[in-house]
Amino acid sequence: MSRKEELLNWLKEKLKGDLLAEDVSREKCLFIDIKKEALIETAQLLLSRGARYQVGVGYDARKSGQGLAMVHTFAFDSDALLVAIRAYTPEDKPEFDSLTPTLPGAGWSEREYIDLLGLHFNNHPNPKRLILSDDWPEGIYPLRQEVPYDLMPPAAEDVAFRLDEAPPGSSIIPFGPFHACLHEPAHFAVYVDGEEIKGCEYRGFMVHRGIEKLAATELTYSEIPFVAERICGICGSVHSVNYAQAVESAAELKISRRAEFIRTVMLEIERLHSHLLWLGVAGHLIGFDTVFMQAWRIREKIMWLAESLTGNRKTYGIVIIGGVRRDINREKAGQIKKILGEVEKDMLALEKAIVKDKAIHRRTRDVGYLSKEKAIEWSLVGPVARARGLAIDARKDHPYAAYDEVKFDVQVADSCDVWGTLVVRVKEVYEAISIINQCLEKLALIPENSPLAVELEGPIPAGRQGLSVVEAPRGEVVHYLLTGDDNRPERWRVRAPTYPNLQAVPDMLLNNRLADFPIIVGSIDPCFSCTDRVVVIDRKSASGKILSQQELENLSRKMRSKS
Amino acid sequence: MWKKLTEKAFPRSVWVYHCNSGACNGCDIEILNVLTPYYDVERFGIRLVASPRHADAILLSGAVTRPTLPLVKKAYQAVPSPKLVFAVGSCAIGGGCWYDTYNVTGGGDKAIPVNYFIPGCPPRPEAIIFGVALALGLVDKKVAPVELKQMEFPVDIYRKAKILESNRVIYQLLGEEDDRLANGRK
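Protein chains in written order, with my numbering: chain G, 110 to 672; chain E, 5 to 190.
Where hints are given, some of them may not hold.
As the list claims (entries may be wrong) - Derived coverage of chain E by chain G (criterion: at least 3 residues anywhere in the stretch with Cβ under 8 Å from a Cβ of chain G; other residues may be distant):
(1) 27-34
(2) 95-108
(3) 122-128
(4) 138-147
(5) 166-174
Claimed, not checked - SDA-like cross-link-like pairs, simulated, lysine to any residue; straight-line CA separation at most 20 Å:
(6) E/Lys77 x E/Ser55
(7) E/Lys77 x G/Lys410
(8) G/Lys410 x E/Glu130
(9) E/Lys78 x G/Lys410
(10) E/Lys78 x G/Ser242
Said to hold, decoys possible - A few chain G residues facing chain E, derived, Cβ under 10 Å:
(11) Tyr197
(12) Glu338
(13) Cys341
(14) Gly572
Treat the hints as calculated values from the structure; they're not laboratory data.
Backbone N, C-alpha and C define an ideal beta-carbon position, used for all residues, glycine too.
When you get a sec, could you build the whole thing from the sequences and use the hints?
So this is what it looks like as structure tokens:
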């Protein structure tokens, strides 16, 4: 009996009549439908067996007469198993019990559907607006079927986002939306007491472009990989591969081995350029511009390599459902190996400079500390989790593409701070180079005329679920897909790694100095365009205020006269 | 006098402010890329600054989303005149592939007046440097806009067609068309 069957039987025994239906046909995935009253109980049962919470997906299932649906997905990392539990609620009573009190990581997922779907979550600790802009009127929920994708309702009045009250004795320093340390629009209100950060509130989701709605109304299956790539300009290929895998999982399509190797090579090239990008930006954020320039100099070669392989420096457009569009032949493989050799050499020199530099140590060690326990609680992913001693890596835990055939180690550090994330990322650069080299060797053994893409046999049946994970440079990306009619998915949900990681940022910031704010936020390698959806840490309430310019001037004059 | 001074001073030291109005990061990393050793725009005196108040030009990237619309307008107002606005990438130009979704208001020109458009998804670093250098008069334009005009025919075909038509009617009336055609073939 496989692990999946065993888990299903155990759940059946525990839940009895609350388990309505199950779907075990997909490899590595288990989809179950439960009564909505049993949602919390099921989640607790899964958590007790060591599951890690991934994401909540809400969608409008009124077309099939079942009201509104909410799906929560969990991962069993040691068993390579993904579990999705789904519950329905009638349209006239759109209520669910909130998972957030048991699982803080579910906070955003639920707030998201308060905005987008008009759901109500009982006992949610902080049901504030998350995604939609502040001037979006109440009562219009973009993800509902009757709302067209291009609806632009007039602005509501009295719109300002209300920040939480600051802890006593602290003042608020606003960061963003446009700020030197943030490369994307997002607003952080940082509560400080002198130099120490006492809390933080985040209001983001300013890059929300409504891609999921667009996919469900306008695009077709084969168009989405190219739009998926434009979710994020840094880890684009990750999204298109993940989407294609979710569709292939739903349609039970097996792609050729050669295509899988080419996908793996592209994913690793993306990891290389993303980690070097982060290293540069991190250097810039701590005021060490030499690292920035050097890291980006090394990175440029990888960009040229990507261009020669795919035709574009970014947004490769190489992945389609059923395979890839371009081949990597012997000549190109030789070119890749040559460039990777140069990159490795340059990287070793840069690493030496970083490791020996005292300034970097002092700016990153014990900064942004978050314990391993907290990391589990917030269900962190990627290098942020691996720097906290959690060996989770979707490439190892849930092998996809060709990762089951290559050898690599999951890089872990146990310093639990920004330094740890730096170490993990630098080590992963070497791992990525070794993975690409292994892939190229194995690619040479596969005959060159084997097909790159496999055609689908007939239309994809509606109502099937697909779930896929890919390890992006920032961590695990989850794509949930529900097939629909008209040659397009009914629901496609993207969860970027910044989504769980950013929720834990206020905890990381706590009791750090204000000057370290940029590097702590930077340490998770935030990608707001992927995440695109806000977190708030609950502090003890008291009054706080934002100082106006005049007040600041008065204050500084007073201080000066005193000294 | 101010105009002359600006013309003289602008091309040598333009400070640009990078404003991300809802981009996917693709254009942003290419903008950052032009600062790095391979492209090095500082040799043209172009510097990326952190505050719009220090800037001479804005590099706008990404489709303008609903929450950032007022913010982009504010950033534009904060830049002292004279100022230039560059829309970098397809999203900033026309809104990209999500130009009409519920949270996107459209391209950059819907929010603020844009002077130059730099196309691409994302534009190459060379394209960004070329766009900015073009605006500053450091390079010449490679293509000039061509105005298309309807050409005049040497013979007035409308008049000719009219005559032919009337002749045909006359021949038809005379019942001679078939004979004429037959003769013509010979």
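Each hint, compared with the structure:
no. : hint                : result
1   : 27-34               : holds (count 8)
2   : 95-108              : holds (count 8)
3   : 122-128             : holds (count 3)
4   : 138-147             : violated (count 0)
5   : 166-174             : violated (count 0)
6   : E/Lys77 x E/Ser55   : holds (14 Å)
7   : E/Lys77 x G/Lys410  : violated (37 Å)
8   : G/Lys410 x E/Glu130 : holds (15 Å)
9   : E/Lys78 x G/Lys410  : violated (38 Å)
10  : E/Lys78 x G/Ser242  : holds (17 Å)
11  : Tyr197              : violated (25 Å)
12  : Glu338              : holds (9 Å)
13  : Cys341              : holds (6 Å)
14  : Gly572              : violated (25 Å)
In terms of the numbered hints stated before, the structure departs from hints 4, 5, 7, 9, 11 and 14, listed from lowest to highest.
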